[in-house]
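Participant: Residue strings, one per chain:
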Amino acid sequence: MPEWEKQYSWQRLKDDLTARESFLAESQTFIRHVASQACFRSLEWGRDDELSEALIAFNEAIDLFVEDKGVPFLAYARVLIKRRLIDYHRKQRLRQSISIDQDDLGRRIDVHLGLDDFREQEQNLERAEEIRQFSKALLTFKLTFQDLVEVSPKHRDSRETLLRAAQELAFDPELWQQVERKGKIPMQALGIKTQIHAKVLERGRKYILAVAMLLANQNDYVYLREYVLPRERGAKG
Amino acid sequence: MNKIKAVVLEKSGFRYTVLDKDGAFRHIHRRQTAEIGEEIEIQVPSIQWFGELRAWAGVAALFFLVLTTIFAWNLYQAPTAVALLSVDINPSVQFTIDDQGNLLNINSKNEDAEGLLKNIDFEGRPLDSILEEFVIEAYNQNFLKPEQSWVVVGYSPLSTNPSVEVEEKLNEERIMSRLRSDFEEKGFTPQVAVFAVTAEDRELAQKENLTLGEYALWQNAIKAGVVTPAEKLRDTRERVNLLENPKVQVQVNESKKDQQSASSIKGSMPDKSNKEDAKNNQPKNNTENLNNNLNDKTEENKKNQAGGDIINQGRGINDKGKEKELEKDIGEHGTKNNYDKSKEKEDSSLSSNVKRNYQSINKKADQQEKGNLDSNGNR
Numbered sequence: 001m002p003e004w005e006k007q008y009s010w011q012r013l014k015d016d017l018t019a020r021e022s023f024l025a026e027s028q029t030f031i032r033h034v035a036s037q038a039c040f041r042s043l044e045w046g047r048d049d050e051l052s053e054a055l056i057a058f059n060e061a062i063d064l065f066v067e068d069k070g071v072p073f074l075a076y077a078r079v080l081i082k083r084r085l086i087d088y089h090r091k092q093r094l095r096q097s098i099s100i101d102q103d104d105l106g107r108r109i110d111v112h113l114g115l116d117d118f119r120e121q122e123q124n125l126e127r128a129e130e131i132r133q134f135s136k137a138l139l140t141f142k143l144t145f146q147d148l149v150e151v152s153p154k155h156r157d158s159r160e161t162l163l164r165a166a167q168e169l170a171f172d173p174e175l176w177q178q179v180e181r182k183g184k185i186p187m188q189a190l191g192i193k194t195q196i197h198a199k200v201l202e203r204g205r206k207y208i209l210a211v212a213m214l215l216a217n218q219n220d221y222v223y224l225r226e227y228v229l230p231r232e233r234g235a236k237g
Numbered sequence: 001m002n003k004i005k006a007v008v009l010e011k012s013g014f015r016y017t018v019l020d021k022d023g024a025f026r027h028i029h030r031r032q033t034a035e036i037g038e039e040i041e042i043q044v045p046s047i048q049w050f051g052e053l054r055a056w057a058g059v060a061a062l063f064f065l066v067l068t069t070i071f072a073w074n075l076y077q078a079p080t081a082v083a084l085l086s087v088d089i090n091p092s093v094q095f096t097i098d099d100q101g102n103l104l105n106i107n108s109k110n111e112d113a114e115g116l117l118k119n120i121d122f123e124g125r126p127l128d129s130i131l132e133e134f135v136i137e138a139y140n141q142n143f144l145k146p147e148q149s150w151v152v153v154g155y156s157p158l159s160t161n162p163s164v165e166v167e168e169k170l171n172e173e174r175i176m177s178r179l180r181s182d183f184e185e186k187g188f189t190p191q192v193a194v195f196a197v198t199a200e201d202r203e204l205a206q207k208e209n210l211t212l213g214e215y216a217l218w219q220n221a222i223k224a225g226v227v228t229p230a231e232k233l234r235d236t237r238e239r240v241n242l243l244e245n246p247k248v249q250v251q252v253n254e255s256k257k258d259q260q261s262a263s264s265i266k267g268s269m270p271d272k273s274n275k276e277d278a279k280n281n282q283p284k285n286n287t288e289n290l291n292n293n294l295n296d297k298t299e300e301n302k303k304n305q306a307g308g309d310i311i312n313q314g315r316g317i318n319d320k321g322k323e324k325e326l327e328k329d330i331g332e333h334g335t336k337n338n339y340d341k342s343k344e345k346e347d348s349s350l351s352s353n354v355k356r357n358y359q360s361i362n363k364k365a366d367q368q369e370k371g372n373l374d375s376n377g378n379r
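As they're listed, the protein sequences go chains V and D. Per the UniProt record's numbering, residue 1 is the first one in the first sequence, and the count goes up by one each step. Per the UniProt record's numbering, residue 1 is the first one in the second sequence, and the count goes up by one each step.
Heads up, some of the hints might be wrong.
As the list claims (entries may be wrong) - Interface residues of chain D toward chain V, partial, derived using beta-carbon atoms under 10 Å: (1) Val-8; (2) Glu-35; (3) Glu-41; (4) Ile-42; (5) Ala-72; (6) Glu-132.
If you are wondering where the hints come from, they were derived from the structure by calculation, not from laboratory data. No residue lacks a Cβ here, since even glycine has one placed at the ideal position from N, Cα and C.
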């Protein structure tokens, strides 16, 4: 996760309890988001046990994660959280005889999934899920992948300019709220913020919106956002 | 080309829609089997490759541009006139020659010329063939005949540095040989007088509305003391009279020698002319230097024939008929010497001809002088 990788090194996260505590505290939003998705309902800290299970899974993910494997940490943590929750629900079902109708239920559940077990196929499924979700989100703005290919800048320089604009849009809560509320980019405000010419922004409007969606929804597009982040940071995964 | 990782977003027909690590959404050809969400490697043009391609394209474009410019320049460059050449028989024409020695323009100077030019298409042809055809056509239309066998040619380069092609084509020897080449079979050789005209004289000729040849002849006549109004030079008979006037002939040859010596000093003329000079100065037993032989014989002829070699080169008209006349002449004058017979005939006939011409012309000249004096006296 690029935003926090700047602050914490993996070795420090594993050895220094204070750093781990603060990292866990910062990651609560992500943990809650993934757990809610896995349970198909909104979860709250202090009310739902699932979140405790998810936090334990996330903590285990920190211990098991190896930086050089080329897998994004959050993607790994997300899988671990989901599996832990499935396991948790199975135990609950056995105890309370509640049937849980889930596709993932048939899988062999191994909470202590190692990185080596985190196979390519697993990643592909995760990515495919993200893509389906992204495609749906694009449709709400009447966009398709076909549109994005057409408007995607061919030159690296102009692409990087638009990527920068998208980053500014996604990471500015006020601007992004406007996007979510009105369903369109506040061009004037973005122009002032980025100092990019209005014509350039207007030409790349669809592209900026699509990229900003990937960047703003950090917890949903763990894989896809890696492709639109600036390269020197995105390469680390 | 550069390899880069990309995730498959969509599959449609024979192509994938992918999102690559540079953040670009692309369509790629479906070469390998991949599922949505799978990460694959794709090839994209790298900056270096693109730059190299662009550089080569630039070089190729520049090369192509230079080639086409040179080609277009050569193709569309308007031919420039580098020399003027006039031919006067009775039809008088003036040819403009381009730097390749080809015809650029014809200017007919009288009605006869217009009639003659109607039958021939001269445009863009080389000078040599034009001269040949023009003289033959004049002969066919009976302008050029044994009774009127004079062809006056005047030429003048328009630029100070004419091209090699033009210099080769515009010289006396070549012009004469071209004018005579087709007449050998016909038993008739036209008499050719060739004048090189300077740029100043060319302008003066234009002012007088004379062709180059006419003007040069007129000037020579004036220098020789034979004063004729400029307009009369357009009349063939007057021209022939002047050409056959020994005084004029002497003057013509003197001015030619002056020109040649001047050019040899300047070094601008090729060595040919100098050699010719040397040849002319040495008496030889060929027809061109008959007059020189004559010079040895009579004091009188010496004056007349001193430099008449060029003008009289064409003196072979109806050789057989002439010989008889010449024999008569010999009989009348009773001249005999130790030369062989044929030579004797030629030489003596020419000398007698010249004598006769000289006498008649002298008379005419005297009359004219008297007339002039009278008129001067009246004034």
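Participant: Determine for every hint whether it applies to the structure shown.
Facilitator: Here is what the structure says about each hint:
A distance limit of 10 Å between C-beta atoms decides the matter here; for Val-8/D the minimum to chain V is near 8 Å, and the interface restraint holds. With its C-beta approaching chain V no nearer than about 6 Å, Glu-35/D sits inside the 10 Å limit, and its interface hint holds. A hinted interface residue such as Glu-41/D counts as satisfied when its beta carbon comes closer than 10 Å to some beta carbon of chain V; here the least separation is about 14 Å, so the hint is violated. With a cut of 10 Å, the hint placing Ile-42/D at the interface with chain V is violated, because the nearest CB-to-CB distance is about 12 Å.
The closest approach between the C-beta of Ala-72/D and any C-beta of chain V is roughly 35 Å, which is over the 10 Å cut-off, so the hint fails. For the restraint placing Glu-132/D at the interface with chain V, the shortest Cβ-Cβ distance is roughly 69 Å, beyond the 10 Å limit, so the hint is violated.
Checked against the numbered hints above, the structure breaks hints 3, 4, 5, 6 and satisfies the rest.
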